[in-house]
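**Student:** Could you build all of it, start to finish, from the sequences and the hints given here?
One line per chain: the protein sequences are A and B, in this order. Each residue of the first sequence is one higher than the one before, counting from 328 in this note's numbering. Each residue of the second sequence is one higher than the one before, counting from 937 in this note's numbering.
Each hint should be verified, as a subset may be incorrect.
[To be verified] Dumping the calculated DSSO-like pairs for lysine-lysine here, alpha-carbon to alpha-carbon at most 30 Å: (1) Lys1060/B <-> Lys558/A; (2) Lys1161/B <-> Lys508/A; (3) Lys344/A <-> Lys558/A; (4) Lys1060/B <-> Lys344/A; (5) Lys511/A <-> Lys439/A; (6) Lys1060/B <-> Lys1011/B; (7) Lys558/A <-> Lys334/A; (8) Lys508/A <-> Lys456/A; (9) Lys1161/B <-> Lys456/A; (10) Lys1011/B <-> Lys1042/B; (11) Lys558/A <-> Lys511/A; (12) Lys456/A <-> Lys334/A.
Hint data in this document are derived by calculation from the structure and do not stem from the laboratory. Nothing here was measured: the structure is a model prediction, and the numbers come from that model.
Listed below, chain by chain, are the residues.
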Amino acid sequence: MTLLTLKNVSKSFGALKVTDGVSLSVTEGEVLGILGPNGAGKTTLFNLISGDLNVDAGEITFDGLLINNSPPFQRCRNGIGRSYQVPQPFGGMSVFENLVTAACFGAQVSEKAAWQIAWDVLEQTGLQKFANQAAGGLTLLNRKRLELARALATQPRLLLLDEIAGGLTEHEAQELVEELKRIKSSGITMIWIEHVVHALLSLADRLLVINFGRTLCEGQPDAVMQDAEVKRVYMGLEV
Amino acid sequence: MLRAQCITAAYGDAQALFGIDFSINAGEIVALIGANGAGKSTFLKTLTGLLPVRSGELEFEGQSLRHLDAGDIVKLGIAMVPEGRRLFPSLTVEENLLMGTLSGRKGSWDLSRVFTLFPILQEKRSMPSTSLSGGQQQMVAIGRALMSNPRLLLCDEISLGLAPVVIREIYAALPAIMEEGMSLLIVEQDVQLAMQASSRVVCLQEGLVSLEGKSSELSRDQISKAYFGI
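**Tutor:** Structure below.
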């Protein structure tokens, strides 16, 4: 079943068209990987899906509902969870409180249920030992883990991951991929923007490459990575 | 040029560096690698005066850096491109670059030379720094550090969050920076990239140097062992 559909979605900042007629669809349980040079419009696409930005034109449908005009909190409650490229935790709250807040307001559960969700997510993401630390004092790596954890605590059906593997060692990236595989097997659909290509390729069912706000290439991961235009525009290789 | 001897440093009760010995010569490119939490960024913070050294000796061109604050260290000629770029969001590209000149150091780096190195920044000089792509913001961070006319440039994870095509562009600019005998210390998570760009590699593990050698002579196995201790 199709969970998310974008139809001819466009967005401009002043004279600059950052999203230019993008169409895509994601089926339930699928992992879609998004690649593209810096400034191609990848994060803007996430902002349009999560409601941080509204589209200028086009349609976004989630679970059969047109969500063009829904505010971000509503989209989150409908089941769209996201992480931010630059982590945005409540810095003065502890890690645990951040997760309880995400569960209470995102998943709309009781405080008691939110505590249970927070514990489960702490365990799932390996953040137990930081539970009582102020989120603002975490290292960059742990703030990124918290981004994933907070998104999970909102109990999403669709998870938008924005560059969560950047800065990880090969070993840490492998651990992250294993964790994401477990999340995938629980039935959560994912769209993952990532420059750490080997991590993305070990999870994605399909790839979408964006350049100048437009779809450059889309399809099976191996075929996309062999595409001459993708090699030139994204990898910087002349073929 | 720079000599660190048995450096220790801590965040409150949590000790992060346990006696680092390190040196870099004029004109040398050294890559500092290691797992997250190994102490790479902490070591850079001690070099730039952002974190006090608990014990050990730290000298730059014969002068002790201990007890100097960050501003004085920039004036001596050490500049850093920080992890995550850390641009001033309310300033334009040009204003961010000009912040580097507050060091008061004279030299060949000025706006026009930075614009020659990264032509796109000239086109975007009047735009807010936050409106730039990640790669362009990294260019501003590098340009801002160069504007202080450093003798030693410290680059913390400059490839982070960048597309392969942009990383190539930024690393291709390094030889032009090195022309005048400046030394470069790069912290890089991508080991392959670090080996290609440097003449010498120093690997940290749990706050200590676990491996040091010429980039061309170290094997993948040696590095893997130094990284994870296995």
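**Student:** Can you confirm whether the C-alpha distance between Lys1060/B and Lys558/A stays at or below 30 Å?
**Tutor:** 27 Å, holds
**Student:** Lys1060/B and Lys1011/B: Cα distance at most 30 Å?
**Tutor:** Given pair Lys1060/B, Lys1011/B holds - Cα atoms ~28 Å apart, limit 30 Å.
**Student:** Run the distance test for Lys1060/B versus Lys344/A: straight-line Cα separation, threshold 30 Å.
**Tutor:** 17 Å, holds
**Student:** Is it true that the CA of Lys508/A sits at most 30 Å from the CA of Lys456/A?
**Tutor:** It holds: about 23 Å lies between the C-alpha atoms, which stays within 30 Å.
**Student:** Would you check the hint for Lys511/A and Lys439/A, treating anything up to 30 Å between C-alpha atoms as holding?
**Tutor:** 26 Å, holds
**Student:** Given the hint that Lys1161/B pairs with Lys508/A, does the C-alpha gap stay at or below 30 Å?
**Tutor:** Cα-Cα ~27 Å, so holds.
**Student:** For the pair supplied as a hint, Lys1011/B and Lys1042/B, is the alpha-carbon distance within the 30 Å limit?
**Tutor:** With a Cα-Cα distance of about 10 Å, the restraint between Lys1011/B and Lys1042/B holds, given a limit of 30 Å.
**Student:** Does Lys456/A sit within 30 Å of Lys1161/B, going by the straight-line distance between their CA atoms?
**Tutor:** Holds, at about 26 Å.
**Student:** Taking 30 Å as the top limit, are the C-alpha atoms of Lys558/A and Lys511/A close enough?
**Tutor:** 28 Å, holds
**Student:** Keeping to a limit of 30 Å between CA atoms, is the pair of Lys344/A and Lys558/A held or broken?
**Tutor:** Status holds; Cα separation ~24 Å.
**Student:** Does Lys334/A lie within 30 Å of Lys558/A when you go C-alpha to C-alpha?
**Tutor:** 27 Å, holds
**Student:** Quick one, are Lys456/A and Lys334/A close enough, alpha carbons at most 30 Å?
**Tutor:** 44 Å, violated
Of the hints listed earlier, the one the structure fails to meet is number 12.
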